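Chemist: Spelled out, the chains give:
2 protein chains.
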Amino acid sequence: MENNNYQQLTRTFQRLSRFSHLSSIASWDMFTMMPPGGSAARGEALAELSVLQHQILTDKKVGEWLDAAQSENLNDVEQANLREMQRHYQQASLLPEALVEAKSLAGSKCEHAWRTQRPANDWQGFSANLKEVVKLSREEARLRAEAKGCTPYDALLDIFEPDMTSARLDVLFADLKSWLPQLLAQVVEKQAQQSFVPPQGPFPIATQRELGLETMTMLGFDFNGGRLDVSAHPFCGGVPEDVRITTRYDEEDLLSALFGVVHETGHARYEQNLPRTWQGQPVALARSTAIHESQSLFFEMQLGRSNAFLKKLLPAVHQRFGSQAAFSEENFIAWNQRVKPGYIRVDADEVSYPAHVVLRYEIERALINGDIEVDDIPALWDEKMQAWLGLSTKDNYRNGCMQDIHWTDGGFGYFPSYTLGAMYAAQLFHAARNALPGLDSAIAEGDFSALFDWLRQNIWQHGSRFSTSQLIQQATGEDLNSAYFRQHLTSRYL
Amino acid sequence: MENNNYQQLTRTFQRLSRFSHLSSIASWDMFTMMPPGGSAARGEALAELSVLQHQILTDKKVGEWLDAAQSENLNDVEQANLREMQRHYQQASLLPEALVEAKSLAGSKCEHAWRTQRPANDWQGFSANLKEVVKLSREEARLRAEAKGCTPYDALLDIFEPDMTSARLDVLFADLKSWLPQLLAQVVEKQAQQSFVPPQGPFPIATQRELGLETMTMLGFDFNGGRLDVSAHPFCGGVPEDVRITTRYDEEDLLSALFGVVHETGHARYEQNLPRTWQGQPVALARSTAIHESQSLFFEMQLGRSNAFLKKLLPAVHQRFGSQAAFSEENFIAWNQRVKPGYIRVDADEVSYPAHVVLRYEIERALINGDIEVDDIPALWDEKMQAWLGLSTKDNYRNGCMQDIHWTDGGFGYFPSYTLGAMYAAQLFHAARNALPGLDSAIAEGDFSALFDWLRQNIWQHGSRFSTSQLIQQATGEDLNSAYFRQHLTSRYL
Chain A
1 MENNNYQQLT RTFQRLSRFS HLSSIASWDM FTMMPPGGSA ARGEALAELS VLQHQILTDK
61 KVGEWLDAAQ SENLNDVEQA NLREMQRHYQ QASLLPEALV EAKSLAGSKC EHAWRTQRPA
121 NDWQGFSANL KEVVKLSREE ARLRAEAKGC TPYDALLDIF EPDMTSARLD VLFADLKSWL
181 PQLLAQVVEK QAQQSFVPPQ GPFPIATQRE LGLETMTMLG FDFNGGRLDV SAHPFCGGVP
241 EDVRITTRYD EEDLLSALFG VVHETGHARY EQNLPRTWQG QPVALARSTA IHESQSLFFE
301 MQLGRSNAFL KKLLPAVHQR FGSQAAFSEE NFIAWNQRVK PGYIRVDADE VSYPAHVVLR
361 YEIERALING DIEVDDIPAL WDEKMQAWLG LSTKDNYRNG CMQDIHWTDG GFGYFPSYTL
421 GAMYAAQLFH AARNALPGLD SAIAEGDFSA LFDWLRQNIW QHGSRFSTSQ LIQQATGEDL
481 NSAYFRQHLT SRYL
Chain B
1 MENNNYQQLT RTFQRLSRFS HLSSIASWDM FTMMPPGGSA ARGEALAELS VLQHQILTDK
61 KVGEWLDAAQ SENLNDVEQA NLREMQRHYQ QASLLPEALV EAKSLAGSKC EHAWRTQRPA
121 NDWQGFSANL KEVVKLSREE ARLRAEAKGC TPYDALLDIF EPDMTSARLD VLFADLKSWL
181 PQLLAQVVEK QAQQSFVPPQ GPFPIATQRE LGLETMTMLG FDFNGGRLDV SAHPFCGGVP
241 EDVRITTRYD EEDLLSALFG VVHETGHARY EQNLPRTWQG QPVALARSTA IHESQSLFFE
301 MQLGRSNAFL KKLLPAVHQR FGSQAAFSEE NFIAWNQRVK PGYIRVDADE VSYPAHVVLR
361 YEIERALING DIEVDDIPAL WDEKMQAWLG LSTKDNYRNG CMQDIHWTDG GFGYFPSYTL
421 GAMYAAQLFH AARNALPGLD SAIAEGDFSA LFDWLRQNIW QHGSRFSTSQ LIQQATGEDL
481 NSAYFRQHLT SRYL
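Taken in sequence, the protein lines are chains A and B.
Position one of the first sequence corresponds to residue 1 (UniProt numbering), numbered consecutively onward.
Position one of the second sequence corresponds to residue 1 (UniProt numbering), numbered consecutively onward.
Hints are computed from structural coordinates only; laboratory data are not their basis.
Bear in mind that the values here come from a model prediction, so they are computed numbers and not experimental data.
Mixed in with the good hints there might be a few duds.
Estimated spans, in silico, between C-beta atoms of each pair [as the list claims (entries may be wrong)]:
hint, chain 1, residue 1, chain 2, residue 2, range
1, B, Arg276, A, Ile344, 39 to 49 Å
2, B, Asp404, A, Glu445, 51 to 61 Å
3, A, Glu330, B, Thr207, 40 to 50 Å
4, B, Arg320, A, Ala206, 15 to 25 Å
5, A, Thr207, B, Met218, 26 to 36 Å
6, A, Glu97, B, Glu64, 20 to 30 Å
7, B, Arg276, A, Lys135, 49 to 59 Å
8, B, Asp404, A, Thr207, 39 to 49 Å
9, A, Gln14, B, His88, 24 to 34 Å
10, B, Glu445, A, Ala206, 35 to 45 Å
11, A, Ser50, B, His112, 29 to 39 Å
All C-beta atoms in this analysis are idealised placements derived from N, C-alpha and C, irrespective of residue type, glycine included.
Using the sequences and the hints, build the whole thing.
Modeler: Right, here's the structure in full:
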């Protein structure tokens, strides 16, 4: 056979994909269904599978097949698939097993202790564990950087955003910093003149769930291949054939669960529309975390919080929760477009969100590259928070650098994806509007089919066939830049 | 190390146990949570894992370790564990992979077609598929019988009930046949004099679920390590640390879901109380399908449908569903102890149930041993059904030999477990009553703790440490016999 090595690889990766299926479903179950007593056994079972997956992926034969397949006769998609296989193989085989295990243990320890350290504002205790995590992450970054020939931080960035560099991020984020703080200040000043009527609960959870399901249906979620459930931290999990999204309900707060559902539905539709013909192969997977985030923010921010969409959503809200003053058209829109800079990233609106991300990016880059130490974090956090949002986090670790768990497991390099996603989303929405005459009036009529078809054609169906740059250039005619995000924020909020 | 081979085995079986964990949870999910679109991918993922498990278990090294471990210095529990390892290894390694695969395919095909063939009463279509299943099961039985030196049917029986033989079953069932048909006739005649008030629905499903949960709590189910959900066919799944039971609700029928829950809670408490110190090892697994069934029938029939338990249950029923005439104490007891011989096994009461089992046992034994052919089944079924229950199934395949799916996947040898379980349950309850003075009054007061402690001491905590015979002799002072089952039925129904 002329592409015998490539065929061996596709069989191996299909097998890995099937094991990933089981791992995804068991993880989803862990966060949604599992009673506490199942935790230890589940952790051991998942770890055992993870060891197996690592062994299969890093087998010497896989490396040999990858080398030999380079000279086989492969079509475009197969070449893209081979490139992705190579990437997965290299990422997995670069690290010695002892380091992977040590990192996993240090991460679990740090995250577990964080649960009580955060409420106690215990920076001393937390930083001791974090130092171990950072030490191991630096070692990981060093090994990856040596192989790739780049800086340590860029080597971690590449795991989440292939081909993204901090040089490029610096340009993109410098641009953001040149206009966003002023825009934010203007929006805050403008909104200070407005009056808002907050929605009055309670909003029964069963009814909130119905509204969420109806909204998912409006947004084209395929319930034949997915579910909506509850978890402490909302996520989109499962597998492309069976996508599991979650939300969390608060009886006093209707909109956080609802827009959480809209956000996760964006992730879900990407997964549900990944190419089925290459099923089980790396080329059929989502392109990157930033492109994934761009889809959820496209749904939540570009579409979901637009005036037109909010108007279409309102009758369903009235039908279930009556027509209190907060649910007048004007107030409903205004309330969903409030901008309120605050300490907590996950509660942030889309105007102040980038502040949280750029702040963390700058700190984690310096940390991984060895320019600062863990002990330097609180002062830097306070300084940057003051500069961006005028908020002090001095001695307030729990609402500062201890507010979330992204760093506890060594997930350095992930944070930029959030703001890259917001910029991609704005650029994609702009391109869709150019490509689709009458889009705005279609949306106002509740017809999103052309918009979703455009996403399917331009993003979803390609999986990982193209690089992120190619993908975005083909879809929008240019590479990523922040102009459309600025344009979007200006037109919506000023 | 003095027991190095044994240690290798324990590591291998622990690994297998972790993979079984994932397989159990993914299977549970398939029956309770999974949307239809996930079906094909899930099937492939589970099959891939099953191939892996088979490879690990039948690895040549496992055979070598098993041989070498025989002469190592092992304590009692380790020896029992080694015996169980040996049993798993032999069962798995006896069959060529091609036969396992062919059987799995033929079973899926037969079961899938059955779903439309049963409503259409299509025996011709069904029997064509069943012939293939029987052919492959006979081949399996032949291979197992050769290795074990027994008849083909006994070799299949041994998978579910280690050490049980058809010679022994013939004695036990001949005894049943000597008294049960007459007892059944007497009960039917006696109950014909009684009047019953059927409960009037609708009984809202959410309230039925609450009652089920309260009943599980009464029965000691540990919700820290388990759940109650819904599936088309009720089952007890999951893992000992996280036991997942299911039921199905009918708005018009309160009691079928409720007693389904009681039944599955019996299975669940066995699983939840298996020995944790040997976790992940074969010796920590449940003894056999008949012992498992004995625990569910102990809960459902011995305890659950007793006058004392029904009286304790009634206030919870009143609290949720009011006090209609059917819920008078007298009628509630009578209704839950009705005996109504019918065509369908899964709807049968405990007096007529053995008829369904013995009938199938006699047919499947003859079929596997080659004494009859698939074409002979309907006539035999009709003849035996007439003899036991006075019901004709001539041309009524859908309520005769096509009523359930036990045979479609080649599960021959399983059926006897149901009636063995009923006999074990009666014998165990009798022994518990002897061992625990004041048991009846404790039950009447709703205090089941002594009873459950007795089960824990005598059955649950032993896992597979002893053979079924040893286990039952230690618990009751004698080997299995049908006297206590007869005594139980006589005292409850005559």
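Chemist: Hint by hint, note whether the structure agrees.
Modeler: These are the hints, each one checked on the structure:
For the hinted restraint 39 to 49 Å between Arg276/B and Ile344/A, the CB-CB distance of approximately 41 Å keeps it satisfied. The hint said 51 to 61 Å for the Cβ distance between Asp404/B and Glu445/A, and at roughly 52 Å that hint holds. With their beta carbons about 42 Å apart, Glu330/A and Thr207/B fall inside the hinted range of 40 to 50 Å. Taking the beta carbon of each, Arg320/B and Ala206/A are about 19 Å apart, inside 15 to 25 Å as hinted.
At roughly 32 Å, the beta-carbon separation of Thr207/A and Met218/B lies within the given 26 to 36 Å, and the hint holds. Distance hint check: the CB atoms of Glu97/A and Glu64/B are about 26 Å apart, consistent with the given range 20 to 30 Å. Our hint of 49 to 59 Å for Arg276/B and Lys135/A is violated, since their Cβ atoms are close to 36 Å apart. The hinted window of 39 to 49 Å between Asp404/B and Thr207/A holds, with their beta carbons roughly 40 Å apart.
The supplied range of 24 to 34 Å is met by Gln14/A and His88/B, whose beta-carbon atoms lie about 28 Å from each other. One distance hint, 35 to 45 Å for the beta-carbon pair Glu445/B and Ala206/A, holds here, with the actual separation near 38 Å. Roughly 34 Å separates the CB atoms of Ser50/A and His112/B, a value that falls within the hinted 29 to 39 Å.
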